[in-house]
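2 protein chains.
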Amino acid sequence: MKILTLGSWIMICAVVPGAARAELNLMPQPAQITAGQGKLKIDQSFRLALTGYHEPRLERACARFVSRLEHLTGIPLSAEPPAVGSEATLEIATTAGSSPVQKLGEDESYRLEVTSTRARLTAANPLGVLRGMETFLQLVEADKDGFSAPAIDINDRPRFAWRGTMLDVSRHWMPVPVVERTIDAMAAVKLNVFHWHLSDDQGFRVESKRFPKLLELGSDGHFYTQQQIHEVIEYARDRGIRVVPEFDMPGHATALLVAHPELASLPGPYSIERHWGIFDPAIDPTRDETYQFLDGLIAEMTSLFPDEYFHIGGDEVNGKQWGANPRIQSFMRQHGVKDNAGLQAHFNSRLQPIVTGHGKKVIGWDEVLAPGLPKDIVVQSWRGQKSLAEAARLGYMGILSAGYYLDLMHSASYHYSVDPLEGETAGLNDSERSRILGGEAAMWAEYVTPENVEMRIWPRNAAIAERLWSPQTVKDTASMYRRLAAVRRELDRLDLGISASHELMLERLAGNHPVGPLSALSDVVEPVKEYAREEARLYTSFTPLNRLVDATRPESDVAREFALLVDGMLTGTTDRQNCRAEVRHWLEHWRANHALLEPSLQGSFLLEELTPLSKDLSALGTVGLEALDYFESGRKPPGAWIQQQLAFFEAAGKPRAELLLMIVPSVQKLVEAAAGR
Amino acid sequence: MKILTLGSWIMICAVVPGAARAELNLMPQPAQITAGQGKLKIDQSFRLALTGYHEPRLERACARFVSRLEHLTGIPLSAEPPAVGSEATLEIATTAGSSPVQKLGEDESYRLEVTSTRARLTAANPLGVLRGMETFLQLVEADKDGFSAPAIDINDRPRFAWRGTMLDVSRHWMPVPVVERTIDAMAAVKLNVFHWHLSDDQGFRVESKRFPKLLELGSDGHFYTQQQIHEVIEYARDRGIRVVPEFDMPGHATALLVAHPELASLPGPYSIERHWGIFDPAIDPTRDETYQFLDGLIAEMTSLFPDEYFHIGGDEVNGKQWGANPRIQSFMRQHGVKDNAGLQAHFNSRLQPIVTGHGKKVIGWDEVLAPGLPKDIVVQSWRGQKSLAEAARLGYMGILSAGYYLDLMHSASYHYSVDPLEGETAGLNDSERSRILGGEAAMWAEYVTPENVEMRIWPRNAAIAERLWSPQTVKDTASMYRRLAAVRRELDRLDLGISASHELMLERLAGNHPVGPLSALSDVVEPVKEYAREEARLYTSFTPLNRLVDATRPESDVAREFALLVDGMLTGTTDRQNCRAEVRHWLEHWRANHALLEPSLQGSFLLEELTPLSKDLSALGTVGLEALDYFESGRKPPGAWIQQQLAFFEAAGKPRAELLLMIVPSVQKLVEAAAGR
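Chains as they are written, first to last, in this note's numbering: chain A, 1 to 677; chain B, 1 to 677.
Honestly, the hints are just simulated from the structure, not real lab data. You may find that some hints are simply not true.
A pair counts as met if it fits within one copy or between any two copies, since identical chains are not told apart.
To be verified - Derived pair list, reagent style DSS-like, types lysine-lysine, alpha-carbon separation capped at 27 Å:
1. Lys375 x Lys386
2. Lys144 x Lys615
3. Lys654 x Lys144
4. Lys529 x Lys39
5. Lys529 x Lys615
6. Lys41 x Lys144
7. Lys361 x Lys375
8. Lys361 x Lys209
Throw the hints in and build the complete structure from the sequences for me.
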């Protein structure tokens, strides 16, 4: 039978973000907001007018805007300009075009004034218009009078110029629609750099006409044609997003070496890597032929990607092949190269002028940084603020990615707390600080497929987008989560299928069984964090990603909000009673769940592994209810009972099936409260 | 806070289709099944081989098949043929191509043999292959050993040759992706005719190069280009589906007359109709110029649509314009035409040779039938089996659409019960019966948009598909509903977004409020039936379809299964206790719901109208629980209480907000049981 949705007792307890709230659903928070009086009605009479500078991109943006406003309201709207003599509901005015190829640091500011009779969006160029349109759409809500946008005056601009998202399409292939939807979602939260990780050990993903073997041998048939690359770049430009391609070298280049083993540091042959990790194959940095080849490849690739930056990767070279090749060792001695880092610096010092020669600036991961490189390179830090601060002190620009790795399954609040200008970078002087350009979320693709990658990027990435756009002082986590829920709805409307993918994957797992009990378990677990999946089992490119760990959301909203309920019940000044009632309801729900889920668990090879988790969830319900009874009665539980539960929590908190039960700490808190601790 | 999914106590009560079941998820049921021993494992080693006749269409079908099998299992699969010397998991063998343009009555039979080591699909031509592939995909399920298809021998062929679905794209515009997804879903349940209702009072939807005014003036800019038409036809052909275009005339042609008022029976001018219903404008059947124009239009349109049938509509001419035009009246007198039906027969007698002249056969609605027409026309009956039987006796072929109107919001079981060869057609002799070619579901588009049309067609249409494909003896409604749930999951995997659209629309309604309580209400209501929405308020093309009546599913699974629970509790031989526990659980759920939903209802103009329904739902919960208490205690309720409840049921069963509360009869049954009736 279908899921019975027992909605939200939560509304009666005030500690959890519920229905009533004063703030708007804007994400990222604008730099400056002044509330006005009244609201602008959005109905069938809505008309959009584009005044001042015109271009086809703006017209397309207007058409998309009207279509999204229709989807948001369910009201059929006209994309026609207002009739002669009548005013537009929303006037969009801009004075000039932006750069033909979007540049780092271009003006993205806008002003959005909404009164009770009309709205006006002004910006110096189309980039600001695109940002302001997203803000307007986020303002629109229904109330008892209809759909409307509140009267408001917003002056907005980004805090950082480089606000990116990296997508790895090498470890698991991501077809064009996934890329385009990622770009749609990025635009919705005002991100502006799509960093396309196009080559790695597991695949080279761009058609090369000059070196066709790269695709024939290095792609498994999964690559973007040059035509598709052009289309994606146009698609991104339409949304105010730069596309920075990455070709990782001299390490993480196995796929390239499959096609061109003559470039490798040892003879080969090579085959496409099917495992995850750091592998030995590396480009030979000591031969001139290497640079001749790279000059040819980079010539072709830079002609495809118009952005001024070109990412050369440069991370995680283990140097084993270099150490094992006597000719390379002899080269190092001859040239006074002390170690592998030195050899990589040599490689970069030869690569950099090639890239520059094709009109591009270099960006690379931490390891590319070596003394002597020109100051216009950008360092992308996966190591943290420390290496970013060091680079800035040396005069290099940098962006932060450490703390923004979406594949590590951290919470939105964790990412939200990471700031490119806090920690070691906080002590920089003004000119050094100005070299911190922003940050980039990264989605490495070991454990994601086209099916679940969007649900893994979003909505958490919106928290990072806010960190990079909004003033540094915007830090209220509760507010962030409240608005994140609205962003998730917005992204679902953009057909990202964040929710739909999750549900389809759960339905696949449940098969002919009702999905409800499985969904209840899924709602309180999270995938293990950091690199714990690597250790759990041997994964390869061929491993099906169809288990609960792949279907479940990266972050458990239920566990987070249950923790708030428990806190509200134990420490809240108001509403303790209501919170306690809700805590009880959830605990009863969990206690009952295993009996309901058990038939599915027994019937499916995909679900069997969940049995211990499911049992523990029900046991947590039971223990929590016992604790609640003690708590309510005022009787103290026996010491043995307490000890038994603490041992149970220890076990129940451990990963099983690569999943963590996220309600353990809250139930433990109940037991400790009952014990009077 | 998010929805708490309290799954499915239902599993403990055996009366409702639950987890355990012996039958397969096949829909439509094959003509003949012989179960085998064991099962064929589906894992990464799966390989498909195409032997015998080859064509690009089959290769594309194989690629889609592998991709869907991947999606179904989450296992990355190879689309490569098996290595030399090794056997395919599934061998597909066919001997010859099908007709270049798919014909009515072409062989669609196939045989699918699955053993524990391999599977073999054989068919006379690619049409049978396409049907058999769908069957294979429906066989695949997970159990404790992995994914597999059961060993089986299926010999299958359709009962009827014409199994269609009509989509009205005139009243609300349906863009190409909606059309293509409709075709995908049709193929999944072995339907074979896409009937495209392309013109009506509200729009003419095909690009005409010969008569460009049709689009400039008659389409609001919403039409298919000829290129798109070609693509859709190819798309459908790839899936074994014929495309029959309909151009409705001489009535339902206002949009055409906007562009060409010279063809009308009164001077005009005309404007695109924005309302729903039957309107006066009609083509003038008395002038030669009419037929010259139609010859030109039909020449162009028949050249676009290769199918041998061409649908001329012909329904619902009210004749008012004919009556009001003295010249037409005089024509009728001169030619001895007695009435409007006679005049329409005259029109058809002139139109038919035009269509035939362009190499097509005519299909039209009931009204086209008039003595003297050639016998190769097909009558599509919206009136019922009676008119179908009459046509068959006169020697005409016919298909049934009465009983299959999906827009009337009947249940799947209602449609399932309608058979083209029952009722008045049952008495036909064999040769008359052979003229009943099949049937067609119809989705008229007054109350659907691209947003909700798929959720209105599916999954109910699969029940009609089974009626038209499977043996007449396949009639078990409980089995149908159980398998329909699997089809719904399959269609969701095809990205139809049946579930996703429903949820997005509910989320739009709920806004910042939790969607759970609204979803609980939605789950027990259905839109009003038949043409009741017409009477409820004045709808036009511009009316937003964004209320709960538009978002809710056509059929309440919860109400249907709650009724089974109540029956199980009252009359079941086993499991009465469990059923009663579940009944109680649902009633408690509903009783609590209004308090949770109320804040959203008050906050939104879209939801306010639901207040009486929501209150009544909670009241039904309360009354049901009281009845349950009486029932369990054995005490008889006072007569006044009974009378009061019966009056309440009378009121609660009435439509509000164009919605019906579907649990009223079951709660009434509880009260009657408590009263000892």
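Need the list of violated hint numbers for this structure, in ascending order.
4
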